[in-house]
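Participant: Sequence:
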Amino acid sequence: MTRIKLFTLNVWSGFRYRGLVRFEEYETPETREARFQGLCAVLREEQPDIVFLNEANPLFPYGNRLAEELGYVPFGHMGVAGLRAGKLGFPLNLREGDLILIRPSLSPVYIGQKHLGGRGYCGNFFSCHFDNLTQAVLTRSLLDDGQPLYTCVTHWVAGPAITDENRSKLAPLAREWGFPKEQVAQAEEKMREMDRCKRTEAQRLCDWLRETVPPDAPLVVAGDFNAEAGWPELLIWQERGFTRLIPREDGYATWDPLHNTNLQTYYVQEARQKQKSLYHQLDALDELIPRNIDHFFVRNLPLSAVTDCRVCATEAYEGVSISDHFALTATVEL
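For the sequence shown, the numbering used here assigns the number 410 to the initial residue and increments by one for each residue that follows.
Honestly, I wouldn't trust all of these hints.
Computed list of lysine-lysine pairs in DSBU-like fashion (alpha-carbon distance at most 30 Å, straight line) [unchecked claim]:
no.: 1; residue 1: Lys599; residue 2: Lys685
no.: 2; residue 1: Lys578; residue 2: Lys599
no.: 3; residue 1: Lys683; residue 2: Lys578
no.: 4; residue 1: Lys590; residue 2: Lys683
no.: 5; residue 1: Lys523; residue 2: Lys496
no.: 6; residue 1: Lys599; residue 2: Lys683
no.: 7; residue 1: Lys578; residue 2: Lys590
no.: 8; residue 1: Lys523; residue 2: Lys599
no.: 9; residue 1: Lys414; residue 2: Lys523
no.: 10; residue 1: Lys590; residue 2: Lys685
no.: 11; residue 1: Lys685; residue 2: Lys578
The calculated label-pair distances, taken between Cβ atoms and stated as ranges, are [what the hints assert, rightly or not]:
no.: 12; residue 1: Asp717; residue 2: Gly480; range: 20 to 28 Å
no.: 13; residue 1: Phe499; residue 2: Ile520; range: 30 to 38 Å
no.: 14; residue 1: Ala638; residue 2: Gly555; range: 31 to 39 Å
no.: 15; residue 1: Glu454; residue 2: Pro699; range: 18 to 26 Å
no.: 16; residue 1: Lys590; residue 2: Ile520; range: 45 to 53 Å
It should be emphasised that the hints constitute simulated quantities derived from the structure, not laboratory data. Just so we're clear, the structure is a prediction, and the values are computed from it rather than from any experiment. Each residue gets a CB set at the ideal place from its N, CA and C atoms; glycine is no exception.
Let the hints inform the model, and build the full structure from the sequences given.
Facilitator: In structure tokens:
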């Protein structure tokens with residue numbers, strides 16, 4: 410029996426995702442370094458065997474530095490990089506991607522990457538896209554008995570869910586912020602478009618994992634799904650045989666404006682400003698609601714083998730939360 414501790418966190422790029430030559434950034438380099446040191450402190454305390462990270466930027470220096478400081482083997486793939494060939498490209502400061510860090514004792518190997526959504530291409534050395542792209546990265550480890558364990562990190566697109574409550578907010582928001590009435594219908598169409606994107610991401614990832622991972626092998630998929638349990642895109646996973654690990658109730662969510670200093674400092678401020686469209690106004694307001702949007706999904710792994718699934722990394726480091734998300738951890742026995 411091998412005990413494996415898992416840890417997933419969107420580490421937050423700190424970008425506003427505005428700008429051509431360079432993306433605007435929320436924070437100073439000193440604050441970003443403090444957040445990195447805070448992540449290192451959390452990982453030293455939690456001691457996970459496998460770490461899933463989103464929005465690492467710059468991807469490979471970030472992953473290599475963590476691996477060297479904490480004793481992991483890093484695996485990653487660029488997720489969004491704009492126009493780039495090698496070290497040359499724009500935006501200058503965008504080399505963001507997803508990482509899996511694994512203890513070397515698990516003999517980890519890289520399996521592959523899957524593009525899930527968005528128009529364009531992003532590779533590790535060349536990229537050409539103006540749209541947001543989403544992806545998944547897959548690795549394999551070996552347990553003590555030689556059994557393989559497949560692990561996948563993913564990051565999906567974000568957007569307000571299609572609900573009666575969100576629809577009912579559109580007309581009042583349009584009046585409050587002075588958007589023309591026709592933007593109500595445009596915002597509803599944008600919500601439907603994003604819903605289609607989310608379902609496509611879920612289906613593409615399920616299909617790729619079915620084709621790539623042996624059907625009887627244990628599989629853990631983790632990351633920032635930008636969706637709550639019960640949303641349509643996650644119900645697709647349930648229908649495909651995946652089980653979500655449910656964190657215990659400790660009063661925190663992985664997306665938690667009530668407790669996260671970065672959300673309180675930057676996102677609350679943005680929600681109080683007029684956005685470029687009614688849809689974006691709704692999106693900014695929607696981001697002020699606490700939600701569990703980071704998850705572990707498992708296949709071929711009994712729930713009886715899972716212990717201590719909980720939200721963690723909730724304490725500020727040097728007065729600042731280490732990301733705009735809180736982390737999720739769980740221990741499994743295989």
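Participant: So, for every hint listed, does it hold in this structure?
Facilitator: Verification of the hints:
1. The suggested pairing of Lys599 with Lys685 holds, with an alpha-carbon distance near 14 Å, which does not exceed 30 Å.
2. Annotation: proposed proximity of Lys578 to Lys599 holds, straight-line Cα distance about 15 Å (limit 30 Å).
3. Restraint check for Lys683 and Lys578: the C-alpha separation of about 15 Å stays at or below 30 Å, so the hint holds.
4. Simply put, Lys590 and Lys683 have alpha-carbon atoms about 16 Å apart, close enough for the 30 Å limit, and the pair holds.
5. At roughly 23 Å between alpha-carbon atoms, Lys523 and Lys496 fall within 30 Å of each other, so this suggested pair holds.
6. Proximity of Lys599 to Lys683 is assessed by CA-CA distance (about 18 Å); at most 30 Å being required, the pair is judged to hold.
7. Straight-line distance between C-alpha atoms of Lys578 and Lys590 comes to about 13 Å, which keeps the hinted pair within the 30 Å bound.
8. Between Lys523 and Lys599, the direct Cα distance comes to roughly 25 Å. Compliance with the 30 Å bound is thereby established for this hinted pair.
9. For the proposed pair Lys414 and Lys523, the alpha carbon gap of about 25 Å is at most 30 Å, so the pair holds.
10. Restraint check for Lys590 and Lys685: the C-alpha separation of about 15 Å stays at or below 30 Å, so the hint holds.
11. Straight-line distance between C-alpha atoms of Lys685 and Lys578 comes to about 17 Å, which keeps the hinted pair within the 30 Å bound.
12. The hinted window of 20 to 28 Å between Asp717 and Gly480 holds, with their beta carbons roughly 22 Å apart.
13. At roughly 31 Å, the beta carbons of Phe499 and Ile520 sit within the given window of 30 to 38 Å.
14. Taken as a hint, the range 31 to 39 Å holds for the pair Ala638 and Gly555, whose Cβ atoms sit roughly 34 Å apart.
15. Checked against the hint of 18 to 26 Å, the C-beta distance between Glu454 and Pro699 comes to roughly 24 Å, which is consistent with it.
16. Separation of Lys590 from Ile520 is about 50 Å and conforms to the stated range, judged on CB atoms against 45 to 53 Å.
The structure fails none of the hints (numbered hints given earlier).
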